[in-house]
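J.: What follows is each chain in one-letter form.
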Amino acid sequence: MIKLEKIHRNFQVGEQTVHALDDINLQISQGEYLSVMGPSGSGKSTLLNLIGMLDHATSGQYYLNDQNVTEMNEQQEAAARNKHIGFVFQAFHLIPRLSARENIELPLLLAGIDSEQRRPKVDQALQSMNLIDRAHHKPDQLSGGQRQRVAIARATITEPSVLLADEPTGNLDQKSGADVIQTLESLNDRGITLIVVTHDSHLGKRSMRSLKMVDGRIESDKLADNTR
Amino acid sequence: MLSSDIILYGWKSLKGYRSRTILMLLAMSISVASVLLLTALGEGARRYVTGEFASLGTNMVIVLPGKSETVGMGLSTMMGVTPRDLTLDDAQALTRHPAVTRIAPLNIGAVEVSWQNRKREVTIMGSTQEILELRHWKLLAGQFLPKTDWDRATPVCVIGKKIRDEIFGAHSAIGQWIRLGDNRYRVLGILASEGRSLDIDVEDVVIIPVASAQSLLNTPSLFRILIETRSREAMQTVVDFAIGTIKQRHHGEEDVTVVTQDAVIQTFDKILSALTYAVGGIAAISLAVSGILIMNVMLVAVSQRTAEIGLLKALGASSQKILILILTEALQLSLLGVVVGFILGLGGCWGIRLALPALQAYPPIWAMLASFIVAISTGLLFSLLPAKQASKLDPVNSLQGH
Ligand SMILES: Nc1ncnc2c1ncn2[C@@H]1O[C@H](COP(=O)(O)OP(=O)(O)O)[C@@H](O)[C@H]1O
Ligand SMILES: [Mg+2]
Numbered sequence: 000m001i002k003l004e005k006i007h008r009n010f011q012v013g014e015q016t017v018h019a020l021d022d023i024n025l026q027i028s029q030g031e032y033l034s035v036m037g038p039s040g041s042g043k044s045t046l047l048n049l050i051g052m053l054d055h056a057t058s059g060q061y062y063l064n065d066q067n068v069t070e071m072n073e074q075q076e077a078a079a080r081n082k083h084i085g086f087v088f089q090a091f092h093l094i095p096r097l098s099a100r101e102n103i104e105l106p107l108l109l110a111g112i113d114s115e116q117r118r119p120k121v122d123q124a125l126q127s128m129n130l131i132d133r134a135h136h137k138p139d140q141l142s143g144g145q146r147q148r149v150a151i152a153r154a155t156i157t158e159p160s161v162l163l164a165d166e167p168t169g170n171l172d173q174k175s176g177a178d179v180i181q182t183l184e185s186l187n188d189r190g191i192t193l194i195v196v197t198h199d200s201h202l203g204k205r206s207m208r209s210l211k212m213v214d215g216r217i218e219s220d221k222l223a224d225n226t227r
Numbered sequence: 000m001l002s003s004d005i006i007l008y009g010w011k012s013l014k015g016y017r018s019r020t021i022l023m024l025l026a027m028s029i030s031v032a033s034v035l036l037l038t039a040l041g042e043g044a045r046r047y048v049t050g051e052f053a054s055l056g057t058n059m060v061i062v063l064p065g066k067s068e069t070v071g072m073g074l075s076t077m078m079g080v081t082p083r084d085l086t087l088d089d090a091q092a093l094t095r096h097p098a099v100t101r102i103a104p105l106n107i108g109a110v111e112v113s114w115q116n117r118k119r120e121v122t123i124m125g126s127t128q129e130i131l132e133l134r135h136w137k138l139l140a141g142q143f144l145p146k147t148d149w150d151r152a153t154p155v156c157v158i159g160k161k162i163r164d165e166i167f168g169a170h171s172a173i174g175q176w177i178r179l180g181d182n183r184y185r186v187l188g189i190l191a192s193e194g195r196s197l198d199i200d201v202e203d204v205v206i207i208p209v210a211s212a213q214s215l216l217n218t219p220s221l222f223r224i225l226i227e228t229r230s231r232e233a234m235q236t237v238v239d240f241a242i243g244t245i246k247q248r249h250h251g252e253e254d255v256t257v258v259t260q261d262a263v264i265q266t267f268d269k270i271l272s273a274l275t276y277a278v279g280g281i282a283a284i285s286l287a288v289s290g291i292l293i294m295n296v297m298l299v300a301v302s303q304r305t306a307e308i309g310l311l312k313a314l315g316a317s318s319q320k321i322l323i324l325i326l327t328e329a330l331q332l333s334l335l336g337v338v339v340g341f342i343l344g345l346g347g348c349w350g351i352r353l354a355l356p357a358l359q360a361y362p363p364i365w366a367m368l369a370s371f372i373v374a375i376s377t378g379l380l381f382s383l384l385p386a387k388q389a390s391k392l393d394p395v396n397s398l399q400g401h
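Note that the protein sequences, when read in sequence, are chains A and B. Residue numbering for the first sequence follows numbering that gives the first Met the number 0, starting at 0 and increasing by one per position. Residue numbering for the second sequence follows numbering that gives the first Met the number 0, starting at 0 and increasing by one per position.
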């Protein structure tokens, strides 16, 4: 469902060209659980942003569900992002003036779904993230773990096929981090394609497939023999 | 995205950034309010002044001796020709038109008035009984000049309040004989009116029959002939009739000027309207200038909200949608500014009307429309740049907080 062919992503920094992604070839099937590891600056975030269509390749082809993303215009990309992709960020990126409920609702709002139809979906998401009693709290009234669960609820509210998480536990303590990983994995169990960037080699071992990146290249791409 | 959701989203962010919102509301609403207030004052002044003029006499046509072009350095003056006298017979001739309801001939001069041992210089006005109604004057006590033939020089007079106070003091004035020049006149009544009329202080005047005034001032010519017409529409007919009649009586020489009260009112009307437009325009410019503040605040707002905009893009908002979101927010803010501005402005006008009831300070419709349109378009125009900037933000950089 995700296919990257000879992807390059260069950044021009002054005179210098940074090869953030250097000839990436990668296929990911529906329902996979992929961890992306590697040192800082190796291109993990760039890869994720590219898959999420927030960033564009300098060269190469990208297919998402057999559609050539490289040929899409901005509006089509936005629509595809809304429909197929969910993002979870290290910094949560919740809108501070909106309640948990309103934050979760945002992608449905952008999709043009009316409030009648939004309500049951959001209720369900709150329920499954164990946030029912936090629905009307603002982000600053929530713990880190709760914030990230709100972000996960928001990322999955449109039932996307891919969930991209860039160091989702980076700002969390051990316990809430584990909790968040648990949540993500259970979503994967229900069929979502999960791609997690992480520094945590322990987490890497839990995934089905583990990618190691160095200097914009895929150094290793291993299927884990252990199934959780 | 549904329009109701777009509006709600804008509303929530306006509420979320309270101090920014209040600052912009202040700028906008004060400008809108000042447009309304200033134009209401201008318009009120215009109405007040034209109303005052109208109260001097309705549908009035004034005949004065001399052709207006020849007043000053005209041909006849240079040739040493003085205009023919405007006589009582001329005035009499003007009564013969169906549209003429009243005529008052008028002479004006200054003489010494005395009673017992008090004396002073005073303006006298020679006229007829008709002038009372024609000028909408009121009597404080006694009676006005009797209705007599115009050429009868009866020794009676009506005096202004100030003359009464200064000459008679505590004594009763009515029935007393005062001396004007060499003759004695019996005081019939006292004028109640105040203020100025035909440039004469009506409190400080003595009115005597026109024939008496002509002999007292030793002049056969009238100062003015005041004509009241049946209707406003009839004024031009009467003007033409007056010019024609006098010309005929003066052997084909057109040596009078005929003006209408209307022309004077219209001049004032024009001046004060122009003034209203001018102050309204200035206030509208300041309203537009407040747009620059809006632009600044919006630019800051966008830079404060880059992460939010990046996030919205990540969640599937296109650049166009971001543009619409920001513009809607600006539009809501402008609308709110207009509403608050109207409340302030109309409330202020109400306050002015309470304090100065004579000045009917209502803002004109055009000013309300203009301030509405200028405010909305200013709000939109000046948020266009920040909105465009926001929509072009790169989502990756925005989310990283660059
Ligand atoms: N917008 C950018 N401009 C210039 N260089 C960038 C930009 N984004 C990423 N890079 C560079 O690309 C490389 C990969 O970055 P990134 O994908 O963020 O790494 P990682 O997430 O693995 O730490 C780094 O060298 C980084 O400096
Ligand atoms: Mg990174």
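Careful: at least some of the hints might be erroneous.
Claimed, not checked - Just the calculated beta-carbon pair ranges, DEER-fashion:
no., chain 1, residue 1, chain 2, residue 2, range
1, A, Ser-39, B, Leu-384, 50 to 60 Å
2, B, Ser-285, A, Gln-11, 22 to 32 Å
3, A, His-198, B, Ser-285, 38 to 48 Å
4, B, Leu-334, A, Gln-11, 41 to 51 Å
5, A, Glu-70, B, Lys-387, 21 to 31 Å
6, A, Asp-139, B, Leu-25, 25 to 35 Å
7, A, Ile-131, B, Trp-10, 34 to 44 Å
What the hints assert, rightly or not - Computed cross-link-like contacts, DSS-like style, restricted to lysine-lysine with a CA-CA straight-line distance of at most 25 Å:
no., chain 1, residue 1, chain 2, residue 2
8, B, Lys-146, B, Lys-118
9, A, Lys-120, A, Lys-82
10, A, Lys-204, A, Lys-2
11, B, Lys-269, B, Lys-320
12, A, Lys-2, A, Lys-120
13, A, Lys-137, B, Lys-11
14, A, Lys-120, B, Lys-146
15, B, Lys-246, B, Lys-14
16, A, Lys-82, B, Lys-391
17, A, Lys-211, A, Lys-2
18, A, Lys-204, A, Lys-174
19, A, Lys-82, B, Lys-161
20, B, Lys-320, A, Lys-120
21, B, Lys-269, B, Lys-14
22, A, Lys-120, A, Lys-137
23, A, Lys-137, B, Lys-14
24, A, Lys-174, A, Lys-5
25, B, Lys-160, B, Lys-146
It is worth saying that the hints were derived from the structure and are not from the lab. For every residue, glycine included, the Cβ atom is placed at its ideal position computed from N, Cα and C.
J.: Hints first: check each against the structure and report whether it holds.
T.: Now the hints, each set against the structure:
{"no.": "1", "hint": "A:Ser-39 <-> B:Leu-384: 50 to 60 Å", "in the structure": "37 Å, violated"}
{"no.": "2", "hint": "B:Ser-285 <-> A:Gln-11: 22 to 32 Å", "in the structure": "46 Å, violated"}
{"no.": "3", "hint": "A:His-198 <-> B:Ser-285: 38 to 48 Å", "in the structure": "57 Å, violated"}
{"no.": "4", "hint": "B:Leu-334 <-> A:Gln-11: 41 to 51 Å", "in the structure": "44 Å, holds"}
{"no.": "5", "hint": "A:Glu-70 <-> B:Lys-387: 21 to 31 Å", "in the structure": "26 Å, holds"}
{"no.": "6", "hint": "A:Asp-139 <-> B:Leu-25: 25 to 35 Å", "in the structure": "28 Å, holds"}
{"no.": "7", "hint": "A:Ile-131 <-> B:Trp-10: 34 to 44 Å", "in the structure": "26 Å, violated"}
{"no.": "8", "hint": "B:Lys-146 <-> B:Lys-118", "in the structure": "29 Å, violated"}
{"no.": "9", "hint": "A:Lys-120 <-> A:Lys-82", "in the structure": "15 Å, holds"}
{"no.": "10", "hint": "A:Lys-204 <-> A:Lys-2", "in the structure": "23 Å, holds"}
{"no.": "11", "hint": "B:Lys-269 <-> B:Lys-320", "in the structure": "49 Å, violated"}
{"no.": "12", "hint": "A:Lys-2 <-> A:Lys-120", "in the structure": "31 Å, violated"}
{"no.": "13", "hint": "A:Lys-137 <-> B:Lys-11", "in the structure": "13 Å, holds"}
{"no.": "14", "hint": "A:Lys-120 <-> B:Lys-146", "in the structure": "96 Å, violated"}
{"no.": "15", "hint": "B:Lys-246 <-> B:Lys-14", "in the structure": "77 Å, violated"}
{"no.": "16", "hint": "A:Lys-82 <-> B:Lys-391", "in the structure": "22 Å, holds"}
{"no.": "17", "hint": "A:Lys-211 <-> A:Lys-2", "in the structure": "18 Å, holds"}
{"no.": "18", "hint": "A:Lys-204 <-> A:Lys-174", "in the structure": "18 Å, holds"}
{"no.": "19", "hint": "A:Lys-82 <-> B:Lys-161", "in the structure": "91 Å, violated"}
{"no.": "20", "hint": "B:Lys-320 <-> A:Lys-120", "in the structure": "23 Å, holds"}
{"no.": "21", "hint": "B:Lys-269 <-> B:Lys-14", "in the structure": "46 Å, violated"}
{"no.": "22", "hint": "A:Lys-120 <-> A:Lys-137", "in the structure": "20 Å, holds"}
{"no.": "23", "hint": "A:Lys-137 <-> B:Lys-14", "in the structure": "14 Å, holds"}
{"no.": "24", "hint": "A:Lys-174 <-> A:Lys-5", "in the structure": "39 Å, violated"}
{"no.": "25", "hint": "B:Lys-160 <-> B:Lys-146", "in the structure": "23 Å, holds"}
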